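Q: Residues per chain are reported as follows:
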Amino acid sequence: MTALTAAAPTLEVRNLQTHFFTRAGVVKAVDDVSFSVGRGKVLGLVGESGSGKTVTGFSILGLVDEPGRIVGGSILFHGQDLAKQSEEQMRQLRGNRIAMIFQDPMMTLNPVLRIDTQMIETVQAHTKVSKEEARQRARDTLGMVGIPSPDERLKSYPHQFSGGMRQRVAIAIALLHRPELIVADEPTTALDVTIQAQILAEVQKLCAETGTAMIWITHDLSVVAGLADDIAVMYAGKVVEKGEVAPVLDMPLHPYTAGLIGSVPSRNKRGEPLKQIPGMTPNVMRLPPGCAFRTRCAYATEVCKQEVPFGEVAPGREVRCFHPLFPAKQGEAA
Amino acid sequence: MSTPIIELKGVSKRFSKKLDFAGKILQRLGAPVRDETVHAVDGVDLTVNKGEVVGLVGESGCGKSTLGRMVAGIMPASDGTIRWHGKELAELTGSEGRRAKLQTQMIFQDPMSSLNPRIRVADIIGEAPLVHGLTKRSEYDGYVDEQMRRAGMDPTLKRRYPHQFSGGQRQRIGIARALAVQPEFIVCDESVAALDVSIQAQILNLFMDLRRDLNLTYLFISHDLGVVEHLSDRVVIMYLGRVVEEAPSEEIFARPNHPYTQALLSEVPRIDARKKSFAGVKGEIPSPLNPPPGCHFHPRCPFAFDRCKVERPMLKTVASGHRSACHLNDKVA
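Each protein sequence line maps, in turn, to chains Z and P. The first sequence begins at 1 in full-length UniProt numbering and counts up by one. The second sequence begins at 1 in full-length UniProt numbering and counts up by one.
These aren't lab readings, by the way, just hints derived from the structure by calculation. This structure is a prediction, so every number in the text was calculated from the model and none was measured. Note that the Cβ used here is the ideal one computed from N, Cα and C, for glycine as well.
Coverage of chain Z stretches by chain P, computed from C-beta distances (three or more under 8 Å per stretch; other residues unrestricted):
id	region
1	214 to 226
2	240 to 250
Here are some chain P residues the structure puts well away from chain Z; computed CB gaps all over 10 Å:
id	residue
3	Gly43
4	Gly51
5	Ala122
6	Tyr140
7	Gly142
8	Tyr161
9	Leu289
Chain P with its partners taken away, still in its complex shape (with noise of 0.2 Å):
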C-alpha cells in the first residue's frame, strides 16, 4: 500500500471560552465559574488512501465538520499529528506548504454564504488558479469555461452573481471552485444537505463521474446514511468527538457492530420500508461541554455496563478492515 493522503494520529480539537473580566472578579470571589472547554474532536485516527471515498458519519455536535475542516487545513489540530503524504503538515512551509493546502480543497453545506456575493462567478472560479500561476490571464477566459462545463453549467452564465443561480447551480458553482485549483482531495462538508432531492440526485452523479474522470479522492462528510452508503468505499462513524466505528461500506451496513452505530441504522427511514414503527434510541445527545465519562456513548446505550461508565473504550479490530470501540467485544471475547 501506499502512503495514504491524509493520515490523522491522536488528533483533538479543543475550543475553550476564557474567562472574561467579570468571570476573573466573580473567580476571585469564590464563585463557581471557570473555562469552558468544549472537546470538539477526541483523539481521532484517520487515514484515507488514494482513489478512495471515506464517508464520515455522526449527529450534530459529533465534531464532523471541525474534523473536516483540520484535515483540509484550515484549522490547526490542537493535538495530534496530521500528515499529508507522510509529511507532518503543520511543519510543511513554503512552495511544498501551499502545493499541501491546494492539493486539498473543501466544498461546503450552503453555498449562498460559502461564496462571496459580490463577485462574478468567473473571478470566484478563476481568482485562485490564476494567483497560483495554474492559468495566465491570456487563457483565464477558456480557463473558467472550461471548469464550469466540468461542473455542468453554462459557461456563458460566467459574468452572473452567485445570488441569480438556483440552490444547485450555487452548488456546482462551489464545486467548479474547488477543482478550479486542480486538487487531488476533496473535503465535502454536508455538500447536498441543503438541496432539493432531485437536484442532490444530480450532484450525487457529478461527484461520482468527477472522481472517474480525476481520479478524486473524497472525505465526505454528512448525516445522511443513504447518501454516504451510496457513495462512500468505507464509513467512520462519531459519535460526541470521537471515531466510535469505521468499516468498507457493505461491512458496516451488513453486521453494525457498536451499539450506536446499530441504533443509527435501524432508525434511518427507508423508502422501501413501509409502516415502520420506529422505536428510537433513548434519550439526548449529550452537550460536548460536559460529555460523560467513560464512553460517551453509555447514557443511551441499552447494553451498557459498569466498565463503561469508567473507562474510555479504544478502537480494536473485530472484522478484517471493521473496527469498533466498544468494551462489549472484550466481554463476547
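Chain Z on its own, in the form it takes in the complex (with noise of 0.2 Å):
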C-alpha cells in the first residue's frame, strides 16, 4: 500500500480527457491523466508547457472554455463526480471547498477594487455573515499569510502591493473558506527565490496546519523536491510516471522523466555538459501514434509504436513506457 491509495483521497482524478475542439483539428490537451491527493498531502504536478498540467488544474475547477470539454474520465471529490457537476453546484464548490491560486495574481486581482472589498465579496459569497464578520476574517486570513499590518493593508489596491505580496493576498483569497484543496497553477515561477522561500513556507505550514490537499502545478523540478509528498510527471497529455517523490527523483523510471532530471543543472555535475533530451515537444495536434515521447526517446523500439498501457511496474511506482530504466538498465546508458 502507498500513500498514494491509503485511506479515502481528498480528490481522485480517473482517466480524464480534455479535448479542444478547434477548427484546425481536435486538441487533446489532457488525455488520460489519473492521480490521487490526500488530506494534507501536495501532489507535485510537473511538466513542460504545452504538456496540459493547467488544463487538468482547470478541468478540476471546472474554468474549461469553449471549445474545450471534458471528454471522458472522472474528477472524484470526496466520491462525488465534478466532470458531471451542473455550473450552479460547481459555483457552490469554486472558491469555497475547492480554491485555486494562479501563477500571476495582478491578472487574478481586480485592480480597481481594494483588496478588501475582494476579499468580503469572496467571504459572503458563500457564507451568511455580515460585513463586518467578513471582515474580520479577512483580516486575519491575511496575518495568516505572512502580511504585516493586515488592517491597513486590507485598505490598499493591489498595485500597492509588491509581487510577493500579492501574491499572499491571492493566497488568502484562496484561503478564506478553509477550502479542502487548493490548485495551485505556477503560484511563484514569477517570484525571487528569497519571497519563493516565504511563500513556500507557508504553503507548507498551511498545509500541515489546515490538512488541506494541494495540487502543485509547476515545471521547476527543484521547487517539487522540496515542497511534495507525491509527483506526476505529464508529456504532451498523460501522465506518464507517478510516485512518491524520493523515489520517483532518485530512480526515474521513465526516460522522459530522467532527461527532465538530467537537464537541471546541479552542483554535482558542475562544467559537465547537461544531459539534454534531443528534440523540442511535439504539437499535441499531431502526436506520433503510440508513446509520444518515442520519436525523442533513445531506448524507442517497435513496439513503442502501438499504444502505451500506464500500470504499476514496481510497488508504488507508476509508469507509461514499454521500456522503464530499471538500474541494470540505467547503469547500462551512463
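Please dock the two separately framed chains into a single complex, following the hints provided.
A: Here you go:
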C-alpha cells in the first residue's frame, strides 16, 4: 500500500480527458490523466509548457472554456464526480471547498477594487455573515499568510503590493473558506528566490495545519522536490510517471522523467555537459501514434508505436513505458 | 595576468525622472515633490578576464541587467570608468570604438522581443556581418548557413520569420546573431530564463560547446543560482545596485560569507533536497528609489548591528579571490 492509495483521498482523478475542438482539429490537451491527493498532502504536477498540466487544473475547477470539453474520465472530490456537476453546483464548490491560485496575481486580482472589497465579496459569496464579520475573517486570513499590519493593508489596491505580497493576497483569498483542496498553478514562478522561499514556507505550514490537500502545478522539479509528497510527471497530455517524490527523483523509471532530471543544472555536475533531451516538445495536434515521447527517446523500439498502458511496474511506481529504466539499464546508459 | 577584457571601476548608473511642468508648479507652491532618482547600479567594480565565465546573480531590481548593458556598451555609465582591454571605452572612437562594440555582444532574455518580427532569419543573422565587412555579398549565404549550423539550427529554415520558431529555436537565432560578428565576449542577460527545462539544458550545453570551440568569454546574468553554478568560474552577487560578494564558484557555494548570499543559497530549491522546510529571509526587497542607508541589506539581515545602519560596507578580501562587503568580517577580526 502506498501513501497514494491509503485512506480515502480528497480528490481522485481517473482517466481524465479534456479535448479542445478547434477549427484546425481536436487538441487532446489532457488525455488519460489519473492521480489522487489525500488530506494534508501535496501533489506536484510537473511538466513542460504545453504538457496539459494547467488544463488539468482548470478541468478540476470546471473552468475549461469553449471549445474545450471534458470528454471522458471522472474527477472524484470526496466521491462526488465534478465532471458531472452543473454549473450552479460547481459555483457552490469553487472558492469554497476547492480553490485555485494562479501564476500571475496581477491578472486575477481586480485592479480597481480594494483588497477588502474583493475579500469580503468572496466571504459573503459562500457564507451568510455580516460585512463586519467578513472583514474580520479577511483580516485574520491576511495575517495568517504573513502580511504585516493586515488592518491597513486591507485598504490597499493590488498595485500597491509587491509581487510577493500580491501572491500572498491571492493565497489568502483562496484560503478564506478553509478549502479542502487547493489547485496552485505555478504560483511562485514569477517570484524571486527569497520571496519564493517565504511563500513555500507559508504553504507548507498551512497544509500541515489545516489538512488542505494541494495540487502544485509547476515546471520546476526542484520546488517539487522540496515541497511535495507525491509527484506526477506529464508529457503531451498524459501522466507518464507517478509515485512518491523521493523514489521518482532518485530512480526515475520513465526516460522522459530521467531526461528532465538530467536537464536540471546542479552542483554535482558542474562544468559537465547536461544530459539533454534531444528535439523539442511535439505539437499536441499531431502526436505520433503510440508513445508520444518515442521520437525523442533513446530506448524507443518498434513496440513503442503501440498504445502504451499506464500501470504499476514496481511497488508504488506507475509508469507509462514499455521500457522502464530499472537500475541495471540505467547503469548501462551511463 | 594579461589585461582583462573588461574592467569596471566604481561604475554607477542613475536614472532620474525630472519633474514635469505641473510638478514644477507644485514645487513652487511648496508641495513636497522633487526629482526622483534610482541608483540602479551604485559604485560597482567588476573584472572579467579572457576565457572566463563570470556569473552575475541577483534578484529583480538589483541592477544586474543595467550593469550588463553598460558592460556591453549599450548604455553609458553615469559615473566611473569601463576599460576594454585597458582602454577607456567611452574615449574610444572611430574604428577602434566600432571594434570594441563588435567584440562584445549581448544575448537577451526574450528572443521574441529582441528579434525583429518582420525580417527573415537569414537577414537577422547576416545583416551585421555584411555591414561590418566580415562577409561579402557573394559569400553571404554560405556565411549565414555556417552561423546557423553552429548554433544548432537547420540552415534550410533561414527564409522563415522569427514567429515561425519555438522559444528554444528563437534563442538559437539570438545566439547565431550574436556570434555572427565574431565577438570574443558575450553578455547573456537571463538568456535561458524563459525556456523549458529540457530546452534550457540544450541551450546551456550549446553555450559551453561554443565557449570551448571559439574561446569565448561570458558574463552570465541570471537569477537562477543552479544555472550560474553550473556554468561559471566566478560568481558575483548583487543586491540593490551593489556587489555584496564575489568569489570563485566552488568557494562561494561552499563558504558563502555575506549573510545575503547565505540566505540566497539556503533557499534555492534543490532537486536533491527532499521535504525541505523553507525558512525565508524576512521582509521584502526595498525599493531602489529609497534604499536603506548603510548596508542595503541591514533591514533583512539577522546579524545586523548599529554600524550596518550608517556605514556602507566595502568589498574586502576574506580569502584568496573571495571578496565580501559585510561589517561582520571586521567584527570577528
